[in-house]
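**Q** Protein chains in written order, with the working numbering: chain W, 1 to 250; chain V, 1 to 250; chain C, 1 to 250; chain X, 1 to 250; chain B, 1 to 250; chain E, 1 to 250; chain Z, 1 to 250; chain P, 1 to 250.
Simulated from the structure, these hints should not be mistaken for laboratory data.
One or more of the hints may lead you astray.
The list that follows gives simulated cross-link-like pairs (lysine to aspartate or glutamate, EDC-like), each with its CA atoms no further than 16 Å apart [stated by the list, open to error]:
{"#": "1", "chain 1": "X", "residue 1": "LYS59", "chain 2": "V", "residue 2": "GLU17"}
{"#": "2", "chain 1": "V", "residue 1": "LYS59", "chain 2": "E", "residue 2": "ASP151"}
{"#": "3", "chain 1": "C", "residue 1": "LYS110", "chain 2": "C", "residue 2": "ASP165"}
{"#": "4", "chain 1": "E", "residue 1": "LYS59", "chain 2": "Z", "residue 2": "GLU166"}
{"#": "5", "chain 1": "Z", "residue 1": "LYS59", "chain 2": "X", "residue 2": "GLU114"}
{"#": "6", "chain 1": "E", "residue 1": "LYS118", "chain 2": "E", "residue 2": "ASP151"}
{"#": "7", "chain 1": "C", "residue 1": "LYS59", "chain 2": "W", "residue 2": "ASP151"}
{"#": "8", "chain 1": "W", "residue 1": "LYS59", "chain 2": "P", "residue 2": "ASP151"}
{"#": "9", "chain 1": "P", "residue 1": "LYS87", "chain 2": "P", "residue 2": "GLU73"}
Some residues of chain V that are not near chain X, with every Cβ distance over 12 Å (derived) [stated by the list, open to error]:
{"#": "10", "residue": "THR7"}
{"#": "11", "residue": "GLN22"}
{"#": "12", "residue": "ALA70"}
{"#": "13", "residue": "GLY92"}
{"#": "14", "residue": "THR212"}
By construction, the Cβ of each residue, glycine as well, lies at the ideal position given by its N, Cα and C atoms.
This is what each chain is made of:
Number of protein chains: 8
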Amino acid sequence: MQKEQMTQILQAVAAQEIDVDQAQKKILNQGFTELDFAKIDFDRQKRTGYPEVIYGAGKTVTELKKIIFAMLEQNLPILVTRVDAMKAAILGEQFPTLHYNARAEVLATKPAQELVGKIAIVTAGTSDLKVAEEAAETALFLGNQVNRIYDVGVAGIHRLFARLDEIRAAQVVIVIAGMEGALASVVGGLVAKPVIAVPTSIGYGSNFGGMTALLTMLNSCASGITVVNIDNGFGAAYSASMINQIGVAK
Amino acid sequence: MQKEQMTQILQAVAAQEIDVDQAQKKILNQGFTELDFAKIDFDRQKRTGYPEVIYGAGKTVTELKKIIFAMLEQNLPILVTRVDAMKAAILGEQFPTLHYNARAEVLATKPAQELVGKIAIVTAGTSDLKVAEEAAETALFLGNQVNRIYDVGVAGIHRLFARLDEIRAAQVVIVIAGMEGALASVVGGLVAKPVIAVPTSIGYGSNFGGMTALLTMLNSCASGITVVNIDNGFGAAYSASMINQIGVAK
Amino acid sequence: MQKEQMTQILQAVAAQEIDVDQAQKKILNQGFTELDFAKIDFDRQKRTGYPEVIYGAGKTVTELKKIIFAMLEQNLPILVTRVDAMKAAILGEQFPTLHYNARAEVLATKPAQELVGKIAIVTAGTSDLKVAEEAAETALFLGNQVNRIYDVGVAGIHRLFARLDEIRAAQVVIVIAGMEGALASVVGGLVAKPVIAVPTSIGYGSNFGGMTALLTMLNSCASGITVVNIDNGFGAAYSASMINQIGVAK
Amino acid sequence: MQKEQMTQILQAVAAQEIDVDQAQKKILNQGFTELDFAKIDFDRQKRTGYPEVIYGAGKTVTELKKIIFAMLEQNLPILVTRVDAMKAAILGEQFPTLHYNARAEVLATKPAQELVGKIAIVTAGTSDLKVAEEAAETALFLGNQVNRIYDVGVAGIHRLFARLDEIRAAQVVIVIAGMEGALASVVGGLVAKPVIAVPTSIGYGSNFGGMTALLTMLNSCASGITVVNIDNGFGAAYSASMINQIGVAK
Amino acid sequence: MQKEQMTQILQAVAAQEIDVDQAQKKILNQGFTELDFAKIDFDRQKRTGYPEVIYGAGKTVTELKKIIFAMLEQNLPILVTRVDAMKAAILGEQFPTLHYNARAEVLATKPAQELVGKIAIVTAGTSDLKVAEEAAETALFLGNQVNRIYDVGVAGIHRLFARLDEIRAAQVVIVIAGMEGALASVVGGLVAKPVIAVPTSIGYGSNFGGMTALLTMLNSCASGITVVNIDNGFGAAYSASMINQIGVAK
Amino acid sequence: MQKEQMTQILQAVAAQEIDVDQAQKKILNQGFTELDFAKIDFDRQKRTGYPEVIYGAGKTVTELKKIIFAMLEQNLPILVTRVDAMKAAILGEQFPTLHYNARAEVLATKPAQELVGKIAIVTAGTSDLKVAEEAAETALFLGNQVNRIYDVGVAGIHRLFARLDEIRAAQVVIVIAGMEGALASVVGGLVAKPVIAVPTSIGYGSNFGGMTALLTMLNSCASGITVVNIDNGFGAAYSASMINQIGVAK
Amino acid sequence: MQKEQMTQILQAVAAQEIDVDQAQKKILNQGFTELDFAKIDFDRQKRTGYPEVIYGAGKTVTELKKIIFAMLEQNLPILVTRVDAMKAAILGEQFPTLHYNARAEVLATKPAQELVGKIAIVTAGTSDLKVAEEAAETALFLGNQVNRIYDVGVAGIHRLFARLDEIRAAQVVIVIAGMEGALASVVGGLVAKPVIAVPTSIGYGSNFGGMTALLTMLNSCASGITVVNIDNGFGAAYSASMINQIGVAK
Amino acid sequence: MQKEQMTQILQAVAAQEIDVDQAQKKILNQGFTELDFAKIDFDRQKRTGYPEVIYGAGKTVTELKKIIFAMLEQNLPILVTRVDAMKAAILGEQFPTLHYNARAEVLATKPAQELVGKIAIVTAGTSDLKVAEEAAETALFLGNQVNRIYDVGVAGIHRLFARLDEIRAAQVVIVIAGMEGALASVVGGLVAKPVIAVPTSIGYGSNFGGMTALLTMLNSCASGITVVNIDNGFGAAYSASMINQIGVAK
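This is chain W alone, in the form it adopts within the complex (with noise of 0.2 Å):
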């Protein structure tokens, strides 16, 4: 830790164990940075709830085992993302606490703390919901209370308006579309609240594996959207959650 370390070095100069040059050696040598940040990130884990999340593709099942073994071992909470069912299932049987929401490809510790503020998340369609299950598993694990509103796509507007209050209820608001993505600029032009956007690669042809929705939410005419990656449903509710926990917080 480089502030105690920090503070024996300046005991030691004020007690003059050591010079000033040896001081000025040690201090600028020992990488300040890494036990410091390391710490700041811990503080900050502690202090926001927002613990380490482990991406799960492209991850071994022995590889994410000695992960999530390592982070128990320290008493911190597990989110894995992007985990499918067959390394689900081994990962299940080792470690019973975790659940895994097959849908969400997550696997999660039971969020203990209590839930607050609110988000959000609505889709376009049926077909987002991986991605809205994904961002709802993250914005439980991190703490929030969600509210999913799924199907309520601009081809069928009046499902959308027909829950908008409970939309309008929400500190933030995460829209999930797929294909054309117009659900994300409706709703910005009807809530007053701050919009996530989240792309998805639902669509055939000219799509182009959700670039077409990606573009039309970051051109939307309505105000209050910001956008994320094509199907970052973690990476919205990442954000989602910050944004919540600031009313919180006060």
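We have chain W already, so just place chains V, C, X, B, E, Z and P on it with the hints.
**A** Structure of chains V, C, X, B, E, Z and P alone, referenced to chain W:
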């Protein structure tokens, strides 16, 4: 006129004035298609009320003068699109019977015929007016009633709902929008009429000169929407007129 | 049903059974749009013959079974697009009244109603048949007569000319082409009917999964052409049906 | 005002002045959404301090004059973005109470209300100042305290570290960068606050008018970052203000 | 055969067996183009030695069998491109007179005619051989002498110089290259013969499936280069054959 | 001249004037390629009639003057492409023997030699004339007969059929088209001659400066088509000339 | 200077003038990185001869004047890139010791130090000279010997071979090419030195402002090539200088 | 061996065994370049320690066996990149002296020579290890010392600072990063050594297979960075080796 020419040739054969070989050669060589198709085109124009249209961009005033003069001599109605104000001023002096719509950049004969059916032209913003007016002038020129419903984009969707009955009263709906182009999907989900969507180049950043709105419209989750090229108000009105007059012709 | 509910509420007000505040709250809270629009949708379906359509891609057999079952219970006609042969076999056993078009990958109720008007479906090559058959099945399902004119691409343009009269006899023309998609322009230049162009993903190299044909069709030098998304046979037929039945309705 | 109008209608029903049918027709026909939503918008404006904003690009001085005049008559605060110096000079004479930020190209009423919370606006280079000042003026106009931290890009990362405490002291951070846009990731990795990233069109070659910075920001390896359109300083500040004032409202 | 049919019709007219109206109708209705162009195609085939070619990709073995059978019945030579080894094995049993080039994935009749002229087929690497062999088999099938000059890419440009005389001895040069495709420019700068460049999809990263090589070839600083689609060995050979046989025909 | 120099070196070896080591060093060091290839280029020019061509874009009048002067001194024929009217006026005064084609923006010596063979230059529209005339001037300059067949695009395909015999009478066909570029495919399907397709930058919206026409031409369903860069009339004519003169040379 | 400041703080601690807590706070708060890194930067500049460089594009003459004045006061050498002739004229009057390379658009102090090593700057055409001269001026400014080898593109590859020995004599080679950029691959295949490739925006049509050359260079089949951004002559020279001086420093 | 062959020819001339003409013909015909350049390549290999490298992707085990066998016969060191584990197992049995790095997918001779200089290989994440190990194995094979500094991406920038001294101690730095690739800019801003940036295809959504990281690196605001193709660990190490050994050679 090929048919008449063919008649003459065949009559000459029947009258033994020319032999079979000569006749065959004449028929094959004379360019049947040229004359034949010209005739068909001419017929179509009379029948459907679709006269020749002049694309003004890239043509000089002199070139435009010649074409207009030639067409007026044949008593043909005139529609020139994409004529800037400078050219229009000169042409207006020369051809005082033509009227100029400065916002549409269209110079045209006043439609003499009775206007039929109804085409609704709906825009998202006021910046889309140039394209909308090109569509409106084209539709009027082709003999259709037009209902202009402007500035009803999804950022303030109540403006759209307020005029939904008018939109539903049309036979065909043209939806014109730039930026993210979400209006087409919303309208497509609310009306049971063919929707022709026109992306406009209005926007900035990742709008890419209208590409974003174009992709949005092609990927719409609502059914019943077809799309034309960016800023192509003329093309949308031309297709809309064909559709509108199907109903009329019955 | 909102209208009836509103009637009841208003009658209750008139009868002094509830006061103005209660009535106002009921009307605003009950989700007018949800019920109202649902009613409109229901009306439209009856009126225009456009029932709900099921997009089969990405849905499990179980999900499809549930949806079909629910719709059949309401005596609704069934159209499921993008159902592969495997799923279709299982569903076919369950729902023997549905017929399956293997090339179209469409599972549908046989259209009971009389077929009206005429939609010509024109393809450039034999590889475009899957999309064409999806369009054909959709058009039939929606109650339109269909004329299939396949494999008349511009590499051997005489095949097109030989069937031009048939194409011209339709009310609407759907042109389906992959590779460079030039057929849409050629047809658009030869017929005086609305043309809906469908780019297909057939091709290789710089074809980019249909993007080349899509751009070709959007930039057509011929007028009267509108475009739908790549491989979207269903969407083309849906719009074509709307147009075809304008004439019929009169 | 729909609610009041509805009250009147219902009172008339209760008073038997009109019958149920008349009442129903009035309620359905009068465009509930139009008035209702307008009311909501008006409420929101009062409640959240978010007045209408005028996008100056593409509007003539005359058009701007009319809009500003109309808004001032209603005692509304004015924010016009993307007004060039020429237009601003003319408008400034007409409306001397407005101040003009030449670098931001923003013309606005001075914010009368007390500024709350804190939004840090961080830029990579001096070329990003135009966008940053648009964000700053917007944030101030909407009632937020602003801390400008400019020219701290990663080419000389020590400049960023020197001001990290200030950045961490804000409730929301706007990071503005062109070229490769790496600053957003670095800031995102160092602060525990929501980061809104704004790519700018600054750069050359394969920068593609800001597309490179946009993609960088969307793909950031750091969590807690959301993105707005290229050069959209206004949009970033609008969202940031919503977020900043969540904390304030509590 | 239209010409003969027309002769018969005209003879019937001359013989007064049918009247002018009947004749005219017959001529117009019978699809002149269909028969006429079919005849021209047939003539061209005989005259230029360019028989029909079958694109094997996407066709089933059964479909291929039918087409080959039908063509063999008419004594037509067979060229099937893009036939994988599996299909080729089955077809080979059925049609033992055809030979299969496994690398080219081409199944063809041995060219009976004398080979004329000379087409040089030059590749940058050994990975381009599949495309090169498709070109070679096509060129041979169409009656051209072929000189294969493989693996002479610019990373070791001395290999190219060593075989420059051979390349210069051809009438037409096909240059096939993937990755950055620079070989086409180098060859184009060294030979005074028409060069047809074929980009291949060989490469990785920002190669984009051959797009990079395609763009390179289109932008070549050397004159005399034309380009075909990515991996289109057949198309290059087809054009090269036309060119090569211009010289022969004289 | 390397060959002569090598002769001298070898003679010196034979005469024992220098030893083997010295000779070897001289041969390896002297830069054979420079002199050798320069000679080959010089030979080729005389042999094939392909003199140096000057690309005028981006060169100042002074630079052009110098180059032209130097070439005229060597009695070389002059072809300067992409010279705007302003520059051409000045150069025309200086070099009165050169003629200027204003539409082609080409400044050239009149071809003295007899024109041979036949190149057909076919355009879709009148907007393609600039590119077509650049091709025509280049083809003439290189000694080829040219047949201009302009404005026969597929929107009115009968115009093409009327001139098909002329097109078929050429040895090579250059097809020039903007917008969707479909003409190349249609011509390719109708003639048995090599077709060189030139996409032009004519169009708007999703035309992307000619990219759409380029992709169309590369993906043509007709065989026998090769493609050059957008607006590259010179390149097309250069290749066409090479092909046309194969026939002539025999 | 942080080191000195830290020394003072530590001395104060040693002298018991301040306590450990105060010292620690001072060290952490004062922005160690800012001063520390500035120091490192300053050291590096002295040590490596890499002074600050000014990017002139987008800066006003006044801004440039201020920066140059400030740097000259510190006796720093000046290198301003992308200064157009107009600005340069004004700055030249003010700062007569700076020389201006009009083609490079670079304004710089004459390098006083001895030039070391050798950087070869190779261009494909004369149009690449602006970028090449920017590279040359930068390389000279940074103290490197430069060998300019211009206009040796692959369309006349003998020009390259003639100067191969000179290229091979350099420590690093910068290859600058537009259009298809093939020169980088050819040079990379012929020399055993690090090659830095610079794509230029020279070209037209599908060149896409240098993108084609950029992709070519990234996909080069030759090893030993790295790439910088389009037109980035400065960046190439900066990296080349670092490499060249590795050899020198030893 | 050309040099020897030329010696023999020249000796024969000196010995009057052949005359000057015969000698000249032999020298010119025998493919000087082929042998000459091969010799140069061979020399370079000995001189620079850069032997031939085998690109394993797309080659069969049999092909690889043949090549390795041929090279081992000539006592050449072996480096095969992109060999999957399956192939490697078979080749490992056949050639037990080669070692296989499974993560790198590289099969190589152990470097016998003394390792010189120092190349730092820095990665952003653990997912970049495959590319990093390919670079490391290549660098070692070419005789360079390597320092692996993995998983120091900007999401936790303190990890980078902790190892900055190590990075600065290298002669050349390879920075490998996927996702947004920001690490290259940060490292470039902190070290005074040439940086070679390698984008990796790690990421999802709008990452586009590494294109985003590639663009980021090309547009870096830091100087001294050059870039290679996506995932091209081999290429980066090859260039880095050339640079590293400049210092060594002195």
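**Q** Now look at each hint and say whether the structure bears it out.
**A** Here is how each hint holds up against the structure:
1. LYS59(X) - GLU17(V): Between LYS59(X) and GLU17(V) the Cα gap is close to 73 Å, so the pair fails against 16 Å, i.e. violated.
2. LYS59(V) - ASP151(E): holds (15 Å)
3. LYS110(C) - ASP165(C): violated (29 Å)
4. LYS59(E) - GLU166(Z): violated (28 Å)
5. LYS59(Z) - GLU114(X): violated (36 Å)
6. LYS118(E) - ASP151(E): violated (19 Å)
7. LYS59(C) - ASP151(W): Distance of about 15 Å is within 16 Å: holds.
8. LYS59(W) - ASP151(P): holds (15 Å)
9. LYS87(P) - GLU73(P): violated (21 Å)
10. THR7: Fine: 59 Å to the nearest Cβ keeps THR7(V) off the interface.
11. GLN22: Given a closest Cβ separation of 65 Å, the condition holds.
12. ALA70: holds (37 Å)
13. GLY92: It holds; GLY92(V) is separated from chain X by about 22 Å at its closest Cβ, greater than 12 Å.
14. THR212: Non-interface label fails for THR212(V): nearest chain X Cβ at 10 Å, not farther than 12 Å.
Hints 1, 3, 4, 5, 6, 9, 14 from the earlier list are contradicted by this structure; the remaining hints agree with it.
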